[in-house]
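J.: Listed here are the chains, written in short residue letters.
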Amino acid sequence: MGVQEATIRSAESSNATEPALRLTAVSHARDSVGVLQDIGLSSDARRIGVVGRNGSGKSSLARLVVGLERPDAGTIRVFGGDVAADRAFALQNVGMIFQNPDQQIIFPTVAEEIRFGMENLGWDKPRIERKTADILNEFGAGDWAAKPVYTLSHGQKHLVCLLSVLAMEPRLVVLDEPYVGLDIPTASAMRRLLDRLSQHIMLISHDPADFDGFDELIWLDEGMLKMHGRREVVLPAFTEAMHRMAQPC
Amino acid sequence: MGVQEATIRSAESSNATEPALRLTAVSHARDSVGVLQDIGLSSDARRIGVVGRNGSGKSSLARLVVGLERPDAGTIRVFGGDVAADRAFALQNVGMIFQNPDQQIIFPTVAEEIRFGMENLGWDKPRIERKTADILNEFGAGDWAAKPVYTLSHGQKHLVCLLSVLAMEPRLVVLDEPYVGLDIPTASAMRRLLDRLSQHIMLISHDPADFDGFDELIWLDEGMLKMHGRREVVLPAFTEAMHRMAQPC
Amino acid sequence: MLSLALPRVSWAHRVPATAKLAGLLVLSLVLFPVKDPIILGGALAAVVMLTGSLGTSAMRQTMRFVVPLLFMVGLLLLFHIVFGQLRDGIAIVLRLLTMVLLANFVTMTTALSEMMALVEKLFAPFAKIGVNVRAVSVAMGLAIRFTPVLLTKSGLLFDAWRARSQKPARWRLVVPIGLAALDDAEQISDALRARGGVPSTRRSG
Amino acid sequence: MERNIAYVALFAALIVVLGLLPKFNLLSGVPITAQSLGVMLCGVVLGAKRGALAVLLFLLLVAIGLPFLAGGRGGIGVFATPSVGFLIGWPVAAFVTGLIMQRSAPASILWRALVASVIGGIVVLYAFGIPGMALMLEKDLITAAGFAMPFVPGDIIKAVAAGAIAQGLYGMRPRALISVKG
Ligand SMILES: Nc1ncnc2c1ncn2[C@@H]1O[C@H](COP(=O)(O)OP(=O)(O)OP(=O)(O)O)[C@@H](O)[C@H]1O
Ligand SMILES: Nc1ncnc2c1ncn2[C@@H]1O[C@H](COP(=O)(O)OP(=O)(O)OP(=O)(O)O)[C@@H](O)[C@H]1O
Ligand SMILES: O=C(O)CCCC[C@@H]1SC[C@@H]2NC(=O)N[C@@H]21
Ligand SMILES: [Mg+2]
Ligand SMILES: [Mg+2]
Chain A
7 MGVQEATIRS
17 AESSNATEPA
27 LRLTAVSHAR
37 DSVGVLQDIG
47 LSSDARRIGV
57 VGRNGSGKSS
67 LARLVVGLER
77 PDAGTIRVFG
87 GDVAADRAFA
97 LQNVGMIFQN
107 PDQQIIFPTV
117 AEEIRFGMEN
127 LGWDKPRIER
137 KTADILNEFG
147 AGDWAAKPVY
157 TLSHGQKHLV
167 CLLSVLAMEP
177 RLVVLDEPYV
187 GLDIPTASAM
197 RRLLDRLSQH
207 IMLISHDPAD
217 FDGFDELIWL
227 DEGMLKMHGR
237 REVVLPAFTE
247 AMHRMAQPC
Chain B
7 MGVQEATIRS
17 AESSNATEPA
27 LRLTAVSHAR
37 DSVGVLQDIG
47 LSSDARRIGV
57 VGRNGSGKSS
67 LARLVVGLER
77 PDAGTIRVFG
87 GDVAADRAFA
97 LQNVGMIFQN
107 PDQQIIFPTV
117 AEEIRFGMEN
127 LGWDKPRIER
137 KTADILNEFG
147 AGDWAAKPVY
157 TLSHGQKHLV
167 CLLSVLAMEP
177 RLVVLDEPYV
187 GLDIPTASAM
197 RRLLDRLSQH
207 IMLISHDPAD
217 FDGFDELIWL
227 DEGMLKMHGR
237 REVVLPAFTE
247 AMHRMAQPC
Chain C
1491 MLSLALPRVS
1501 WAHRVPATAK
1511 LAGLLVLSLV
1521 LFPVKDPIIL
1531 GGALAAVVML
1541 TGSLGTSAMR
1551 QTMRFVVPLL
1561 FMVGLLLLFH
1571 IVFGQLRDGI
1581 AIVLRLLTMV
1591 LLANFVTMTT
1601 ALSEMMALVE
1611 KLFAPFAKIG
1621 VNVRAVSVAM
1631 GLAIRFTPVL
1641 LTKSGLLFDA
1651 WRARSQKPAR
1661 WRLVVPIGLA
1671 ALDDAEQISD
1681 ALRARGGVPS
1691 TRRSG
Chain D
14 MERNIAYVAL
24 FAALIVVLGL
34 LPKFNLLSGV
44 PITAQSLGVM
54 LCGVVLGAKR
64 GALAVLLFLL
74 LVAIGLPFLA
84 GGRGGIGVFA
94 TPSVGFLIGW
104 PVAAFVTGLI
114 MQRSAPASIL
124 WRALVASVIG
134 GIVVLYAFGI
144 PGMALMLEKD
154 LITAAGFAMP
164 FVPGDIIKAV
174 AAGAIAQGLY
184 GMRPRALISV
194 KG
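Those protein sequence lines, which keep their order, are chains A, B, C and D. Going by this note's numbering, the residue at position 130 of the first sequence is 136; the numbering climbs one at a time, nothing skipped. Going by this note's numbering, the residue at position 221 of the second sequence is 227; the numbering climbs one at a time, nothing skipped. Going by this note's numbering, the residue at position 95 of the third sequence is 1585; the numbering climbs one at a time, nothing skipped. Going by this note's numbering, the residue at position 85 of the fourth sequence is 98; the numbering climbs one at a time, nothing skipped.
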């Protein structure tokens, strides 16, 4: 598994000496409202968490990292590539799971949904078929291929979203609040699944417990980088600040 | 605050000897798929929690309790009234906060959204204006009245949903996973707000910690009533079962 | 998704879709100038037998399609009788029914997947002049996906209304539903783009 | 690109959904249907190009055999009925409606959308629909025009609805009308 397999190589190829994530003086506005200001950070951690209050810019940061938008100012490099400009590079290297599976599942059946991304990578048909079957089997969903998506439960839909991104073999997977609305057993199954992944992971969550075993944390506050560093340092500071704010005044 | 203020009294008026909630042999199907089977329970608790796995029927139960649907079999009485048949009674007595504020907010500005329910109760204009201003002030949102809803954050939208239901002064407020996606300070503000309410509350959540201070718990399992009783009894049994399921096998 | 294709495989399902469509085209060109009720009647009888050869469920499905037209046919004949042009009226009606039934026959006996493959083939030549064939097939899938979503979204907002009002919502919910649907389209387009989306220029590799 | 595809698909789906409303059969065999409101909205909200593409996408789905015309009809057969002129005219109607919406002076959205819908969704559309009925029913154009008269009141109501909806969308969120921003 890995990028080595990918058949199309992009012009601006990844650079071995480049960190997974590098943002330099990134500022960004949506609908002419500033959502991120002057973010600079560099990280090579395999597990990066993103925390911050509602509206602090976490989802906006995720969109920039996967190249859905180009920052108004500054540069973003993921494994050395310019994800907004070089979409072929982005497709091979980063994938994103949005918060609500209903808003991201595109096709009526599980197999179609999983195949879509690989088709866009230009893989040939037998390889796509093989990978689809493999990944479903690997995650204990071998008989799902022909299932209509609407018959799946919320947690199962989440899994389909994840598999359809993993099938593309990205090096970095960005997850925007993946545990929200899942019951305890389903959430913990998802957690174990993510633990197993060899990929780099960037996870957005409001629950400090979701970052067990993480290396680094990014703390956003009103669009600015409040703190970035090792989890053991950032997480206590963040939770302390949140609980202080949560006190009735 | 309270029902005493309500000006229109419904034909089938509430009965002082009737419990807040009484379900007798309730079964229900959606799209001819059974979602609830033979639920019977009676409760007068001021704080009732509802727990269960994804798809166990929690939201379906909530829809029946606020009278959005009529059960296929059995009867539901809320404060003695038939909420599905007697909509005037239901509007005065039960309110519901849906899980996703985007699926609940109808009007473009905060004030319009809050006024809507009161208009439907037939209150006169000065009273509606007064109540709108009061409730916004009470919850620290005095300057929101003219704000377009789409500029609010997720947590702020949640608050608007809650206020527009509270403004109607129902006796029972049903909340479907209200803390989902909220940051820690916002969630705890919402929690304190709910604590303060004199109304009966029925709360759906996946997080056992959300039921601190609750009186009773309803545990649904695949559409059936697995357990109903005091929180101290049901909650440990439920969390134990969930964590057992969550073990990797 | 519900389609008009018969679920059961008949002899006609094995005929390639291109052949069936070509036959339809040829027959419509041949029949167009014909005015003789005998020939047209023969053609209609042949098409009815063709449909009949597919079995009773095909006949039932065809009737559902044709009954609304029969209403019009009756009135049309009456109209011609009043103006003393019975022969013309009969010819028009026979030709119309023949063509509708024949086209219906092709649709019923061609699986949706085959039709979609055909669409891609038909569009392929246009790729050279810039038509994005991939965009067409993705858009077809999305449109089918959005149909139940629109209904569900509307249902949710109607519920939100009913939870706070006794009066029927009527038109007041149209705009909120429209905005919710537009938001949904926005989110889906992000999801598409995050997984490669639809290349706006043709892929070279 | 993806955004355009999503919008085009959404509005094709909107026409499908409007087909679930009941239709009324008329003597001509062409029903009174709410789907032509969908055609007007395609132009009014999406503008000329995307609006026409949305209608074309809808017709493509109908042609390959999905039962998406009012009353659950579909398949190539529908192009052999007296409706054929209207069906072919739909994408053109959406295009013209959208064009007027984009080009019209900055009057009120309600009036712009109303006028655009009347010209595109009625005048232009009938210019296709009437010859279509004349051809299929072998009548002269005058008689066929007579067949179109029962549509007029309904179509005017639809144009007013399209105007009101456009106004409503614009009022609640100006950027919802892609046609206006260009
Ligand atoms: N499409 C949009 N147009 C305009 N402003 C937007 C848009 N999306 C988000 N915003 C604004 O950008 C800011 C950051 O939003 P973002 O979604 O990134 O926050 P977040 O940290 O993900 O919050 P949450 O925890 O609630 O998901 C917020 O103030 C929000 O109101
Ligand atoms: N509109 C619908 N049509 C058909 N089935 C439905 C519909 N809505 C829900 N269901 C089914 O009813 C069952 C119960 O759904 P419900 O939404 O009540 O579960 P829930 O306990 O609220 O789950 P969650 O924790 O995921 O919100 C599920 O199996 C679901 O698939
Ligand atoms: O066959 C169909 O389902 C519909 C064909 C078009 C009907 C046209 S659109 C303009 C006019 N107004 C109506 O209500 N119906 C016709
Ligand atoms: Mg977010
Ligand atoms: Mg639920």
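Rather than coming from a laboratory, the hints here were simulated on the basis of the structure. Misleading hints may appear alongside valid ones.
Claimed, not checked - 25 Å max Cα-Cα, derived SDA-like pairs, lysine to any residue:
| id | chain 1 | residue 1 | chain 2 | residue 2 |
| --- | --- | --- | --- | --- |
| 1 | C | K1643 | A | L188 |
| 2 | C | K1657 | D | Q180 |
| 3 | C | K1643 | B | E75 |
Stated by the list, open to error - Some chain C residues well away from chain B (every beta-carbon gap over 10 Å; in silico):
| id | residue |
| --- | --- |
| 4 | G1532 |
| 5 | L1534 |
| 6 | S1543 |
| 7 | F1561 |
| 8 | H1570 |
| 9 | A1653 |
Using N, Cα and C, we set each Cβ at its ideal position, and we do this for glycine too.
J.: All the hints need checking, so say for each whether the structure fits it.
T.: Evaluated hints:
Annotation: proposed proximity of C/K1643 to A/L188 holds, straight-line Cα distance about 21 Å (limit 25 Å). Restraint check for C/K1657 and D/Q180: the C-alpha separation of about 24 Å stays at or below 25 Å, so the hint holds. Between C/K1643 and B/E75 the alpha-carbon distance is near 17 Å, which keeps this suggested pair within the 25 Å criterion. At roughly 47 Å from the closest C-beta of chain B, the C-beta of C/G1532 stays outside 10 Å, upholding its exclusion from the interface.
Remark: the non-interface label on C/L1534 is consistent with the geometry, its nearest Cβ contact in chain B lying 40 Å away (cut-off 10 Å). Listed as outside the interface, C/S1543 is consistent with that label: its C-beta sits roughly 35 Å from the nearest C-beta of chain B, beyond the 10 Å cut-off. Separation of C/F1561 from chain B is adequate, the least Cβ-Cβ distance of about 33 Å exceeding the 10 Å criterion. The claim that C/H1570 is not at the interface with chain B holds, since no C-beta of that chain comes within 10 Å of its own (minimum 48 Å).
With a minimum CB-CB distance of about 5 Å to chain B, C/A1653 fails to clear the 10 Å threshold, and the non-interface call is violated.
This entry does not satisfy hint 9, going by the numbered hints stated previously; all others are met.
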